[in-house]
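Peer 1: Now for the letters of each chain:
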Amino acid sequence: MSHDHDHTEPPSDIALRVKALESLLIEKGLVDPAALDEIIDNYEHRVGPRNGAHVVAKAWVDQDFKQRLLEDATGAVASLGYSGRQGEHLQVVENTPGLHNLVVCTLCSCYPWTVLGLPPAWYKSAPYRSRAVSEPRAVLEEFGTQLPQDVTIRVWDSTSEMRYLVLPIRPTGTEDWTEEQLQKLVTRNSMIGVELARVPGELESQPQGNN
Amino acid sequence: MSHDHDHTEPPSDIALRVKALESLLIEKGLVDPAALDEIIDNYEHRVGPRNGAHVVAKAWVDQDFKQRLLEDATGAVASLGYSGRQGEHLQVVENTPGLHNLVVCTLCSCYPWTVLGLPPAWYKSAPYRSRAVSEPRAVLEEFGTQLPQDVTIRVWDSTSEMRYLVLPIRPTGTEDWTEEQLQKLVTRNSMIGVELARVPGELESQPQGNN
Amino acid sequence: MQGGHDLGGKQGLGPIDPEPESEEPVFHSEWERRIFGITLAAGMLGQWNIDQSRFARERQHPADYLRNSYYENWYEGVCKLLLENGLISETELLNGTVSEPVVSELRVPSREDVEKILNSGGPTQMELESPPKFQPGDQVRVNRNYTNGHTRAPAYVQGCIGEIAMHHGGHVFPDANVKGQLQGEHLYAVRFSSKNLWGYGNDNSEVTIDLWEPYLAKA
Amino acid sequence: MQGGHDLGGKQGLGPIDPEPESEEPVFHSEWERRIFGITLAAGMLGQWNIDQSRFARERQHPADYLRNSYYENWYEGVCKLLLENGLISETELLNGTVSEPVVSELRVPSREDVEKILNSGGPTQMELESPPKFQPGDQVRVNRNYTNGHTRAPAYVQGCIGEIAMHHGGHVFPDANVKGQLQGEHLYAVRFSSKNLWGYGNDNSEVTIDLWEPYLAKA
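Protein chains in written order, with our numbering: chain X, 1 to 211; chain W, 1001 to 1211; chain F, 2001 to 2219; chain U, 3001 to 3219.
Hints were generated in silico from the structure; no laboratory data involved. Idealized CB from N, CA, C, for every residue including glycine. Careful, some of the hints might be misleading.
To be verified - Taking CB as the label site, the calculated pair distances span: (1) 97/X - 1138/W: 37 to 43 Å; (2) 138/X - 2143/F: 17 to 23 Å; (3) 2143/F - 150/X: 38 to 44 Å; (4) 141/X - 1169/W: 29 to 35 Å; (5) 2166/F - 97/X: 49 to 55 Å.
What the hints assert, rightly or not - Residues of chain W clear of chain F, computed beta-carbon distances all greater than 12 Å: (6) 1046; (7) 1054; (8) 1091; (9) 1128; (10) 1169; (11) 1173; (12) 1175.
Okay, chain X solo, but in the shape it has when bound (with noise of 0.2 Å):
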């Protein structure tokens, strides 16, 4: 009765017609080769949340750094060496006690690539879209966060050129760790809003990709 709603087996169909289309391109000299591969390279190497940990931890160390990230984190981002497609108009939006962060975009899949990479695959998913506006605490939930009733979840939906990075609370108990350290505790998905950044004890357990 019911069918399988999730992509991650695509049918080799539309692997056949992706080769198609780029050997048409590239035959029709639409597409160099070598640019192609720069494309795919650096989104896939060079370009992710590492860069979103940098700039969380610098401002979790640095209180004149934080501040100018608040105001204008397009250009405190870029003094990181962060910048380009996607991420031409950033927002840093602060965490606090009463208040969560939480990005979205039900209209696509906006997401600040500068600092964040690629979207994750539920990111751009149907569930995710339709949901954080509506139920976010639920789909907080689902991703294991429970905030207490009283703080306000706030969410963006990203529907213009501005991209959005939440900026985790910090941590108790690293109050002595150097940025360099603080950098292991700064998810992706605490830099989303769907989690918390990580507390210490949490370093061995859960090891962290690669990106």
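Given the coordinates of chain X, assemble chains W, F and U onto it according to the supplied hints.
Peer 2: Just chains W, F and U, lined up with the frame of chain X:
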């Protein structure tokens, strides 16, 4: 690139599944085959838009009946012998030179079965259900029905158990026609409101369905 | 719920492409004929009401609802109701043969019963003790109502201002009926200008839609 | 248009079911990698802008949009743009081989061009002569806007009252940009209570969304 959204030729898969379901229910004693046949026979051969045409033609020739019909459609229609399921609460809405009525059910397929039988495929389709409320003039044009801009189009979205039947305008040139003759001008589509009643000249060229 | 069934005002669904009236058969294939009959016959077992039946069809992934043909959605709906009410099992549905006896004592309608049921129908009008809150001519706003349940307030009118056009009396309230609770509420035909619904007011059209009192607030 | 892409508040779409962050690859298969690169490379030919690119993906039957995986929709979008701009033909797409020469003179970006383009991006901020109509704190209502065109005012906020939270300055207006018309409009972050959006106000949540001045009216 595009896919076919026309479902008039369904895959045989569903035919097999329905057959299996029917066998199962009969074997399990949940459905009496004779009762099943009675249901199908009733709506395929006995109840149909000729009932509605009878109601409309009578309203055209009999002012008292028309008055009762507009005030208490359920009672007036029952007096002609038409009552039962999906016609428990009827409302007749009258077209006038300045007002044209159109019926839709955006949430499912509510339709006055007792007077019109089962709805046509297009009435139950997503394109009609979505657009009848938002662009009724364009919808009417897809049926070849062009109304002057100064005619108000009033759409009835059947969200409750009230069932709406349109009383079309009696065509000119039928002043001396009998009720039986007039019935031939009353199409199913004119009682849904997507078309006008036929005019005398159309009778020869466009034969009417059996129902 | 705002599922695939809540279609008013949605776009991109293609042309209507109607068959000519004189050529359209009541059913387009044998299986449509049978699932229509099965759905009505199973409904006559009295194990669910019309709102539960509608909700069963609505509770599908929107892509399934929109991709399925009309009677495919009926098939999905009746299977769900039969399964959820324990009248058949998943295994039986898969194999098409009986593997478990029917648990409850059911009155299975005969041919004669069917005739009577079809002719009498099931009126939903109810006498209410409370007077109607609104009168024809009153301005009302439709409440926004995000719910995972069944409702007959389509998304396209929620938040909109309209005018009470008729009072239909008290009728069974779908949002409660779907939970098996028989509750009557005043029902109104409410008229909306196309300007209020869609933002344009130059096409001289309006929509009248039936809404229950709990959906409405004075505007 | 209210197509399959306009997902805010829609229901029945299933659980989110996220992959663990540490295990998720950037691409899940080789063809995703390639269609991502193709889409960006083709976009750098300068024949369409970002709103035209979004609109190409939106202009699908909602069942297709929802059934397709994310990158399948990218494939659909880029094919449509290449075809509509006359860069490839239906025959070529079907056969995967060139049968017609490229008509126009195009500057095809090299590896070095790509690096520059990716690093510089494409800012959308514009200097406007007219001052902003709204100030932070102002109450505004989002206009209802039924259109067959591209818009970035999602259905779920249309008709709702919110409060101006920020003025982002002038930005390219998508509804015009999709027609190839460069037009700047003031852009605001507008905040809505969940009560105003969904009818319940007890979950202590709110939504802030970027909306251009033509979408808004004083409330």
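Peer 1: Of the numbered hints stated earlier in the document, which are not met by this structure?
Peer 2: 1, 3, 4, 6, 8, 9
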